[in-house]
Each structure stands twice: as C-alpha cells, then as structure tokens.
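Protein chains: 4
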Amino acid sequence: MKELKKQVLEANLALVREGLVFYTWGNASGIDRERGLVVIKPSGVPYESMTVDDLVVLDLDGRVVEGRLNPSSDTPTHIGLYKSFPGIGGIVHTHSTYATAWAQAGRDLPCLGTTHADYFRGPVPCTDNLTAGQLAGDYEKAVGEVIASRFSGLDPAFTPGVLVRNHGPFTWGATPAQAAYHAKVLEEVAKMAFLTLQINPSAACDQALEDRHFFRKHGPGATYGQKKQQQDF
Amino acid sequence: MKELKKQVLEANLALVREGLVFYTWGNASGIDRERGLVVIKPSGVPYESMTVDDLVVLDLDGRVVEGRLNPSSDTPTHIGLYKSFPGIGGIVHTHSTYATAWAQAGRDLPCLGTTHADYFRGPVPCTDNLTAGQLAGDYEKAVGEVIASRFSGLDPAFTPGVLVRNHGPFTWGATPAQAAYHAKVLEEVAKMAFLTLQINPSAACDQALEDRHFFRKHGPGATYGQKKQQQDF
Amino acid sequence: MKELKKQVLEANLALVREGLVFYTWGNASGIDRERGLVVIKPSGVPYESMTVDDLVVLDLDGRVVEGRLNPSSDTPTHIGLYKSFPGIGGIVHTHSTYATAWAQAGRDLPCLGTTHADYFRGPVPCTDNLTAGQLAGDYEKAVGEVIASRFSGLDPAFTPGVLVRNHGPFTWGATPAQAAYHAKVLEEVAKMAFLTLQINPSAACDQALEDRHFFRKHGPGATYGQKKQQQDF
Amino acid sequence: MKELKKQVLEANLALVREGLVFYTWGNASGIDRERGLVVIKPSGVPYESMTVDDLVVLDLDGRVVEGRLNPSSDTPTHIGLYKSFPGIGGIVHTHSTYATAWAQAGRDLPCLGTTHADYFRGPVPCTDNLTAGQLAGDYEKAVGEVIASRFSGLDPAFTPGVLVRNHGPFTWGATPAQAAYHAKVLEEVAKMAFLTLQINPSAACDQALEDRHFFRKHGPGATYGQKKQQQDF
Chain A
16 MKELKKQVLE ANLALVREGL VFYTWGNASG IDRERGLVVI KPSGVPYESM TVDDLVVLDL
76 DGRVVEGRLN PSSDTPTHIG LYKSFPGIGG IVHTHSTYAT AWAQAGRDLP CLGTTHADYF
136 RGPVPCTDNL TAGQLAGDYE KAVGEVIASR FSGLDPAFTP GVLVRNHGPF TWGATPAQAA
196 YHAKVLEEVA KMAFLTLQIN PSAACDQALE DRHFFRKHGP GATYGQKKQQ QDF
Chain B
16 MKELKKQVLE ANLALVREGL VFYTWGNASG IDRERGLVVI KPSGVPYESM TVDDLVVLDL
76 DGRVVEGRLN PSSDTPTHIG LYKSFPGIGG IVHTHSTYAT AWAQAGRDLP CLGTTHADYF
136 RGPVPCTDNL TAGQLAGDYE KAVGEVIASR FSGLDPAFTP GVLVRNHGPF TWGATPAQAA
196 YHAKVLEEVA KMAFLTLQIN PSAACDQALE DRHFFRKHGP GATYGQKKQQ QDF
Chain C
16 MKELKKQVLE ANLALVREGL VFYTWGNASG IDRERGLVVI KPSGVPYESM TVDDLVVLDL
76 DGRVVEGRLN PSSDTPTHIG LYKSFPGIGG IVHTHSTYAT AWAQAGRDLP CLGTTHADYF
136 RGPVPCTDNL TAGQLAGDYE KAVGEVIASR FSGLDPAFTP GVLVRNHGPF TWGATPAQAA
196 YHAKVLEEVA KMAFLTLQIN PSAACDQALE DRHFFRKHGP GATYGQKKQQ QDF
Chain D
16 MKELKKQVLE ANLALVREGL VFYTWGNASG IDRERGLVVI KPSGVPYESM TVDDLVVLDL
76 DGRVVEGRLN PSSDTPTHIG LYKSFPGIGG IVHTHSTYAT AWAQAGRDLP CLGTTHADYF
136 RGPVPCTDNL TAGQLAGDYE KAVGEVIASR FSGLDPAFTP GVLVRNHGPF TWGATPAQAA
196 YHAKVLEEVA KMAFLTLQIN PSAACDQALE DRHFFRKHGP GATYGQKKQQ QDF
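As they're listed, the protein sequences go chains A, B, C and D. With our numbering applied, the first sequence covers 16 to 248. With our numbering applied, the second sequence covers 16 to 248. With our numbering applied, the third sequence covers 16 to 248. With our numbering applied, the fourth sequence covers 16 to 248.
To be clear, the hints were calculated from the coordinates, so they are not data collected in a lab. Be a bit skeptical, because a hint or two may be false.
Which copy is meant is left open, so a pair is good if it fits within one copy or across any two.
[Stated by the list, open to error] Computed list of lysine-lysine pairs in DSS-like fashion (alpha-carbon distance at most 30 Å, straight line):
no., residue 1, residue 2
1, Lys20, Lys232
2, Lys232, Lys156
3, Lys156, Lys17
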C-alpha cells in the first residue's frame with residue numbers, strides 16, 4: 016500500500032508540474048487489484064503540502080478504510096471506472112484547458128495525426144449529457160456510468176481516456192503514472208486538433224496511418240522503445 | 016490592520032505569480048468592515064519591491080487614513096463596490112488576457128461547463144458602456160456604478176466577478192485571497208469558453224448540470240472539501 | 016556613455032526576459048541627443064553572453080565611433096527613426112509573436128480597450144509595402160523611411176510604436192527601458208485584439224473612453240502614478 | 016566521434032529546453048560524413064537521464080556500430096535524409112505543436128513575413144500521404160522517401176525543413192545544433208502564420224521582400240552577423 020500511495024501522490028504532483036491542474040482542479044488514483052483497494056487524493060487539499068498520509072484508501076463499495084480526510088468528490092466516478100474497466104490500474108481527472116474545451120464543445124476529439132494515434136486508437140469519445148435523474152441522484156457515480164456506457168464497443172486499453180461532456184477529461188492506464196501521462200498526451204493532442212481544424216476544417220487522417228502508428232507502440236508487434244513490453248496502456 | 020495589509024499584499028503578489036498581471040496592470044484590496052477601512056495597492060508601484068508599508072488605507076469616503084503613496088487610480092471603483100456589495104471582503108482588478116478579450120468583445124462570458132459552474136452561477140456579466148457624462152466626471156467612481164447597476168437582480172455572492180466593457184475584469188470574494196483566486200478562475204474559464212466556441216459555436220451547458228456543480232460547492236448542501244463551510248465566495 | 020550603454024544592454028536583456036525575443040531576433044538602442052551618438056546591440060550575438068563592451072556606438076551618419084563588432088543589421092532603421100522623431104530616446108525592434116502576426120496580416124492594430132488606450136492613442140499603424148526600388152537599395156534605411164512616412168499626421172509621442180508590414184514591430188520611448196516596455200505592451204494588446212475579434216468580429220471601443228484613459232496617463236492632466244510627471248512616452 | 020556525440024546530445028536537450036518536445040516525442044541526430052556514421056538518440060529513453068553513452072552509432076546501411084540501446088524508431092528516416100541530402104550534417108524531428116498542426120492540416124506553411132524568410136526560402140512543404148504499400152512495408156524508411164520526393168526541384172539548403180503529413184516536422188542543418196535551431200524557427204513561424212491567417216485570411220508576402228531577407232543571411236552576399244560565413248543552413 017505504501018508503494019501505491021507513493022505512486023498516487025507522484026501522479027497527482029505530475030499533473031501540477033505538467034500544467035494540467037490549477038489549485039485543486041484534478042485528482043489521481045490507483046488501485047491494488049489483489050486487495051480491491053483504491054488510493055485517491057483527498058478533497059480540496061492543496062497539492063503543495065500534500066503527503067502520502069493525506070491520501071485516502073477506500074474499498075470498491077466506497078467505504079473509507081484508511082485516512083482522516085474526505086476523499087476527492089469524484090471518488091464514486093473513479094470507483095465506477097475501476098469496476099467497469101478491470102484492466103486499468105490508475106485514473107486521472109483534470110480540467111486541462113484544451114481537453115476541457117472539447118468536452119464543453121460536446122465533440123469527440125478526432126484523430127488527426129500520429130501524435131494522437133501513438134496513444135489513442137481512433138477518436139477520444141465525448142459522453143452524452145447526464146439525464147435529470149442522474150444529476151439529481153448520486154451524480155459522481157452517474158458520471159462513471161455514462162463513461163462506461165459510452166465505451167460500449169470500445170476497448171479501454173486502446174482508448175485510455177474520455178471527455179465528459181461539459182465537464183472535462185478522465186484518462187487511465189496500467190499505473191497512476193501512465194494515467195497522468197495520458198492526461199498530458201490528451202491535452203496536447205486536443206490543442207493540436209483545435210489548431211489543425213482552424214487551419215483546415217476538413218483535415219483528417221488516413222486510417223492506415225493511424226493503425227501503423229498505434230500498433231508500432233501497442234500489442235504483440237510493438238517495435239518502439241527498449242524491450243518487448245506490454246504497452247497496451 | 017497589519018493582518019489585512021499582509022493579506023492585501025499577498026493577494027497582489029498572487030496576481031503576478033499566476034500570470035494575471037504584467038507590470039502594474041492590476042490591483043487588489045481588502046476591507047475591514049468593522050472599522051470601515053479599505054487597504055489597497057499604491058498607484059504605479061512595481062510589485063517586486065512592494066511592502067506592506069507601501070499599501071494605502073482609506074475610509075469609505077476615499078480619504079487617505081494611512082500611507083505616504085497615492086492609492087491605486089482604481090480606488091473609487093473598489094470603494095464603490097464595497098458599498099454596493101456589503102458581503103464582500105476583497106476585490107481584485109486585472110487586465111488578464113482572455114477575460115479582457117471578452118470584456119473588449121462586450122460579451123457576457125457564458126457558462127459552458129463545470130469549471131465555470133463550480134465558481135460562478137450563470138454567465139459572468141459584461142457591463143454597459145459608460146455614458147459621456149460618466150466618462151467626463153469621476154470616471155473610476157462611475158465604473159463602480161455601472162457594475163452595481165449591472166448587478167441589479169444578481170447576487171454578488173453567486174457571481175463573484177464582472178467584465179467591465181472595453182476594460183477588463185473585476186472579481187471579489189470573502190477575502191483578498193479569494194478575490195485573487197476568482198481572478199484566476201475567471202481567466203481560465205474565459206480561455207476555455209473562447210476555445211469551446213471556436214470548436215463548436217453553438218456549445219451550451221445544461222442548466223441542471225450547472226446547478227448541480229454550483230451547489231456542490233456553495234450553500235448549506237455543499238459536499239466539497241474537508242468541512243461544512245460557508246463557501247458562498 | 017557608460018550609463019547609456021548600461022540602459023541599452025538592460026533593455027536588450029528585458030526583451031528576452033519578457034519572452035519577446037528568441038535567439039537574436041530583436042534589438043534595442045538608445046541615443047545621447049547632446050552628443051548625437053547612438054548605442055546599439057551588435058549583430059547576431061547571443062544575449063546570454065552580451066556585455067556593455069559588445070555594444071556598438073555610431074554617429075547619426077552611421078559611422079562606428081566605438082566597438083569592435085558589427086552593429087545590428089537594423090541600425091540604419093534605428094538611425095532614421097532617431098532623425099525623424101527628435102523626441103525619442105530609445106528604440107526596440109522585435110519579432111514578438113502576436114505583433115508580428117498583425118504586421119504579417121498587413122492590418123493596423125485597432126484600439127479595442129483601455130489596456131491599449133493607456134499607452135497608444137488610436138490604432139498602432141501598419142506601414143505600406145516597400146517599393147521594388149527601396150528593397151533593392153539601402154533596405155534597412157528604407158524601412159525607417161516607410162515608418163516616418165506612415166507617421167505623417169501622427170504624433171510619435173502618442174503612438175510609440177508601429178508595425179512594419181510583413182516584418183514586425185518597432186517601438187520607442189523616452190528611454191531604452193520605455194521602448195522595451197512599449198514592446199511588451201504592444202505584444203499583449205496585439206494578443207488581446209486578436210482574441211477579441213475572434214469572439215466578436217465587430218468589437219470596437221468608444222473614442223471617449225480611449226481618450227479618458229490615454230489622458231489619465233499622459234499630458235499635463237495625468238493623474239496616474241506617484242507624481243506629476245511627463246509621461247508622454 | 017566524441018565531439019559529434021556531445022553535439023547530438025546537446026541538440027536533443029535543446030529540443031526539450033525550447034519547449035519543442037514533451038517526454039520522448041522527438042529526436043536529433045548528426046553525421047560524420049568522412050566515416051559515414053550517424054549518431055542518434057536511443058528509442059523511448061527519457062531526456063533527463065540521457066548521456067552520451069546512451070546514443071547509438073549506425074552506418075548508412077542502418078547497422079548499429081556502437082551503443083547498447085535500440086536507436087530511435089525514426090532512424091531509417093534520418094538515414095534516408097542523410098543519403099538524399101548530402102550537404103546536411105544534422106537532423107531533428109519533433110511533434111512541436113504549431114508545426115504539427117500544419118502537418119495535420121496537410122498544408123504547406125506559407126511564407127508570410129521576414130521571420131520566415133530569414134531562414135526558409137518560400138513555403139515549408141508538406142509531403143503527400145504515404146501509400147498503402149509504403150505504410151505496410153518499411154514505414155520509417157518510406158517517410159524519408161516521401162520527403163526526398165517532395166523536395167524534387169527544391170534545394171534542402173534553402174528549405175531546411177519539411178512537414179510530414181499527419182505526422183510532424185523534420186528540420187536539418189549543417190550541424191545538429193542548427194537543425195535544432197531550425198526546429199524552433201519552424202515552430203515560431205508556424206504559430207505566426209496560423210495567427211496571421213486568422214486575422215487576415217488573404218495575407219501574403221511580397222516575393223521581393225522574401226528574397227531580400229533570405230539573401231541578407233544566406234549566400235555570398237550575406238551581410239548579417241559578425242563575419243562573412245557560409246550560412247546556407
């Protein structure tokens with residue numbers, strides 16, 4: 016648990032360092048799959064002073080197991096995603112500028128080049144609106160549900176992120192560090208896509224090029240990096 | 016007074032640190048409601064060398080009570096807002112890039128997502144033009160008047176900021192620190208809204224989602240953060 | 016001369032510090048009006064290692080009086096401006112991003128708000144194209160001529176900058192420091208104007224508001240700052 | 016070889032320092048023309064910890080001559096360019112934001128002003144799509160081929176960079192340092208061109224002005240800088 020806590024703290028700090036989070040506008044979590052325990056950032060605590068002891072540990076029913084602070088208000092979303100996507104080990108939520116702009120625009124983020132295709136296969140989807148009922152009820156849990164429902168037919172290992180409509184991005188990965196890495200990638204490709212479509216509104220990317228790049232880094236035929244490794248996140 | 020001066024100095028420095036102010040393009044103030052005294056930045060003094068002793072103390076009639084420097088030229092606007100909005104404890108004025116662009120565009124800043132809705136209920140309003148008479152007379156006082164007049168029917172606790180047309184943003188809060196915080200939030204949501212409408216000119220946000228987020232952080236039912244607290248600013 | 020050299024070096028370094036200049040893409044100069052001598056940056060020398068001894072001193076005929084390096088290739092433009100605008104004491108040239116974009120667009124930079132009106136009275140003008148003859152001849156001198164010709168009817172003390180078409184901005188002031196200050200102001204208002212017109216293509220500013228702000232900081236009735244001072248630059 | 020390795024390491028680090036590369040999204044190489052050996056960044060290794068010993072040396076047939084790590088996955092592109100452009104000594108590849116946006120837009124980057132004309136003669140070309148056959152085969156080698164084919168009729172010494180469609184920029188120069196320098200120039204002029212065309216969609220630059228600036232810095236008549244030097248890169 017100590018090791019996972021360190022990873023979660025480091026992922027939270029990476030969000031600030033990479034310029035993805037101002038103030039308390041984001042959170043990172045990790046899961047210990049064997050023990051079924053989630054480690055997450057506390058709610059509304061400044062990053063500068065955060066230590067591993069401030070992190071909150073919960074079980075998958077949302078019961079606090081360890082920690083004296085309230086967990087992030089987005090905790091039910093994180094837990095829902097860990098349940099829906101059994102292969103993931105870390106989750107990050109931010110309000111990073113360009114990814115949030117796409118979420119506010121209610122548009123799937125299209126794949127327009129290899130920077131995107133190296134990490135996300137096809138568009139990064141944008142969820143539907145929540146219904147009045149979902150908003151009135153357990154809102155943060157409902158956010159997890161609309162994400163899971165949007166991923167019907169999609170592989171979360173090949174599309175490690177989502178835009179929650181009128182809200183902002185969630186990304187995930189094999190580890191908290193990788194989830195944070197994907198949050199940065201998503202922000203950068205969201206900026207590039209914005210600029211690209213301003214220059215040429217009908218810009219698009221060849222599917223074959225997308226596939227070539229994605230599978231250069233993912234799956235059994237991956238050739239990128241220093242060793243054959245599972246890079247599906 | 017010493018404590019308030021420290022808070023006002025710190026709020027002024029925060030504006031520079033957050034990239035909201037170049038040179039002397041901004042000012043922060045705070046009020047001691049019991050004594051009816053306002054502490055404000057001096058006019059045209061560089062932030063780097065500013066100390067608490069450079070700050071100016073005035074009463075609500077604009078008479079200097081303490082300090083050897085001229086107060087910010089925007090002082091009459093600050094005093095007017097403290098009179099019109101009796102619940103506020105700090106005010107910030109900047110020329111931050113995106114918020115100023117919306118002010119120059121003469122457009123209310125629409126609420127397009129939860130980042131905005133977490134802090135501002137509904138659009139951040141843009142004032143009317145000043146009349147020829149207002150411009151010719153006590154200009155800075157008149158700016159306070161057009162703001163107050165634009166807030167007819169609006170609750171300054173729920174909309175802690177305004178865009179002064181062709182000029183720039185003013186924000187406020189329970190404390191100088193919170194006013195500075197809202198200045199940063201306003202700049203970020205102004206940037207996000209700009210980008211959002213470039214991606215999708217008809218983007219909008221569901222009123223129910225806005226309400227859900229705003230009241231998660233404000234009012235008696237607030238659930239965000241570490242304790243039940245008055246977060247109406 | 017030592018004092019002026021220090022000022023010129025500091026103005027050159029300020030351009031880099033403020034993010035207005037990459038590599039060697041800019042230059043600052045100053046003039047000693049009594050002696051008729053101009054101090055300017057050497058050509059193509061990196062800022063990091065520049066010292067006062069690298070600066071070049073020339074008379075108003077362009078003859079090098081002091082210094083072992085070639086002066087900036089833009090020196091004839093600087094000298095021309097010092098001759099055309101006898102009231103100025105410092106000049107800066109940059110390729111700062113937004114001001115250069117307006118210059119490349121061939122558009123006068125419109126005054127859209129008080130940030131601009133505090134420093135520049137009315138639009139910052141964009142010059143005409145150089146003629147084939149001007150390009151073929153003493154090109155850098157011709158740049159000074161198109162600027163001076165564009166200022167026919169304009170007061171360089173009220174409009175302390177210009178956009179050279181398809182090239183970039185020149186700014187000036189009473190001192191090298193003020194010229195550098197105006198270079199930063201110009202870049203910021205160029206960015207704000209770009210954003211403003213993207214939000215509202217028909218945005219404009221009330222002439223009376225422009226005048227009110229400009230004369231708050233300039234001329235005998237100026238009320239801004241800590242003392243009555245000549246702030247016409 | 017030691018000296019070339021230092022230069023290649025320094026060029027790789029410059030890309031990060033100049034904000035052109037996040038994570039491992041870029042690579043720089045250099046060639047020893049006499050020995051026919053290329054030094055290049057290893058694949059997927061973080062810049063922070065990279066040393067000269069991590070660099071990989073290959074011959075022009077792509078055989079590793081020195082180094083224990085895999086070379087950059089883009090190595091076949093670099094080798095292809097060294098073969099096609101015998102005058103170049105260093106190559107850089109990045110996914111820098113604005114240059115990549117133009118590549119994703121599939122548009123040649125037009126020359127709109129002197130900042131561009133000082134380094135690139137005419138537009139920076141964008142390649143064609145790769146064919147299905149090229150994508151299926153030795154992809155990275157095919158990238159080198161589409162670049163070389165796009166340069167039919169162009170002088171790589173006068174146009175030291177290219178946009179690979181839906182991918183990103185490659186730049187080159189006499190040395191690795193100059194290739195990195197051109198990568199920064201390309202990013203800046205790509206940003207300026209984006210902004211320029213947003214302000215004025217029909218903006219253009221006079222050919223005579225372009226020529227005047229380009230030949231001020233290049234060729235036998237160059238007058239810029241401190242000595243007559245070969246500045247054709």
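Homomeric proximity label, Lys20 with Lys232: Cα distance no greater than 30 Å: Answer is both; intra-copy 28 Å and inter-copy 27 Å each pass.
Alpha-carbon proximity between Lys156 and Lys17, which holds within one copy, between copies, both or neither at 30 Å: within (27 Å within a copy, 46 Å between copies)
Identical-chain pair category, Lys232 with Lys156, by Cα at 30 Å: Classified as between: cross-chain Cα gap 17 Å, same-chain 33 Å, threshold 30 Å.
Every hint, counting from the list given before, is met by this structure.
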